[in-house]
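Build out the structure end to end from the sequences listed, making use of the hints.
Numbering of the sequence shown is given in our numbering, commencing with residue 1 and proceeding in unit increments.
FYI, nobody ran anything at the bench for these hints, they're computed from the structure. There's no promise every hint is true.
[Claimed, not checked] Lysine-lysine pairs mimicking DSSO-like chemistry, simulated, CA-CA at most 27 Å apart:
1) K88 with K279
2) K100 with K88
3) K81 with K217
4) K20 with K260
[To be verified] Cβ pair distances, simulated, as ranges:
5) E146 with K195: 23 to 33 Å
6) E17 with N221: 36 to 46 Å
7) Q184 with I102: 38 to 48 Å
8) K277 with P37: 18 to 28 Å
9) K100 with P37: 25 to 35 Å
10) E253 with K10: 42 to 52 Å
11) Q136 with E256: 15 to 25 Å
12) N245 with F96: 37 to 47 Å
13) D241 with K100: 41 to 51 Å
14) P233 with E274: 22 to 32 Å
15) R51 with K252: 36 to 46 Å
Glycine included, every Cβ here is placed at the ideal spot set by N, Cα and C.
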Amino acid sequence: MIEKYLEISKEVKEALENNKPVVALESTIISHGMPYPQNVETALNVEKIVRENGAIPATIAILNGKLKVGLSKEEIDYLGKKGLDVVKTSRRDIPFILAKKIDGATTVAATMIIANLAKIKVFATGGIGGVHRGAQESFDISADLEELANTNVAVVCAGAKSILDIGLTLEYLETHGVPVVGYQTNELPAFYTRKSGFFVDYRVDDIKELADALKVKYELNLKGGMVIANPIPEKYQMDYDIINNAINNALKELDEKGIKGKESTPFLLSKVKEITKGKSLDSNIQLVYNNAKIASQLANELCK
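This is the structure in structure tokens:
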């Protein structure tokens, strides 16, 4: 029945059948992350980095009522041009997007679900969603966290987005038994910066050690994913105080305008970009490139 909805590209299918490394990539960054043509250039560069590190990229989206695993350049360009007109798609949206046969750009949660259906074990993204600041009143918690608790995909990211309450995000992941692993770091990175003031569950210094732990987790059938926090390269990180001031100003405006739910994150990231005169977007792109590289190395090691 799943085959009715799931469409895996020939290249990705052959790689999976022959135990070759595949890395899942999300599509919200294409449609909602930045303007055209920069969004398409970034997406194609991420795929190029995955290939340069010995893996096959599988960019995931929903197009014309199909769960697509492995987009063509033309499909990536189509998503980039359509931009915000593509529906930002999480778990709850998938049945409706498929039933209506429309286009959906997958968030972390939706990408994890579709990657798991295709039996892809490693996924590279920018940063995961989490518990929003003030969630003790709003109950605004990203579906990404619930997916990490339930879906067997390892997510390589630059930590949780710094617009979130990182302490509460870590508490939520701990409650659900999701390991938060720092790749060559003891501290959870905060997306634009290498530091957050919060510590990871485990520090891992080499890819083999990481792959070994992931292999054991899968073999024991311990349900859920793994967060692999890979800090932004030092030369691309932003000043901790500057970025936090920008975020606080953006949060104040968010509250004043009464923006809530799935519109919160795009608004905040756009506002931070505006306040930092575009520097935050440059950092965002570089950390995604870095995550694609580490995810590819991990996928290679897992295949061994």
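Hints, one by one, checked against the model:
1. K88 with K279: Status holds; Cα separation ~24 Å.
2. K100 with K88: holds, 15 Å
3. K81 with K217: violated, 40 Å
4. K20 with K260: Violated, at about 42 Å.
5. E146 with K195: 23 to 33 Å: About 27 Å separates the Cβ atoms of E146 and K195, which means 23 to 33 Å holds.
6. E17 with N221: 36 to 46 Å: violated, 22 Å
7. Q184 with I102: 38 to 48 Å: With a Cβ separation near 42 Å, Q184 and I102 satisfy 38 to 48 Å, so the hint holds.
8. K277 with P37: 18 to 28 Å: holds, 21 Å
9. K100 with P37: 25 to 35 Å: The hint (25 to 35 Å, Cβ to Cβ) holds, given that K100 and P37 are roughly 28 Å apart.
10. E253 with K10: 42 to 52 Å: holds, 47 Å
11. Q136 with E256: 15 to 25 Å: holds, 20 Å
12. N245 with F96: 37 to 47 Å: Since N245 and F96 have Cβ atoms about 39 Å apart, the given range 37 to 47 Å holds.
13. D241 with K100: 41 to 51 Å: holds, 46 Å
14. P233 with E274: 22 to 32 Å: About 24 Å separates the Cβ atoms of P233 and E274, which means 22 to 32 Å holds.
15. R51 with K252: 36 to 46 Å: Taking Cβ atoms as reference, R51 and K252 lie about 43 Å apart, which means the hint holds.
Comparing the model with each numbered hint stated earlier shows that hints 3, 4, 6 do not hold.
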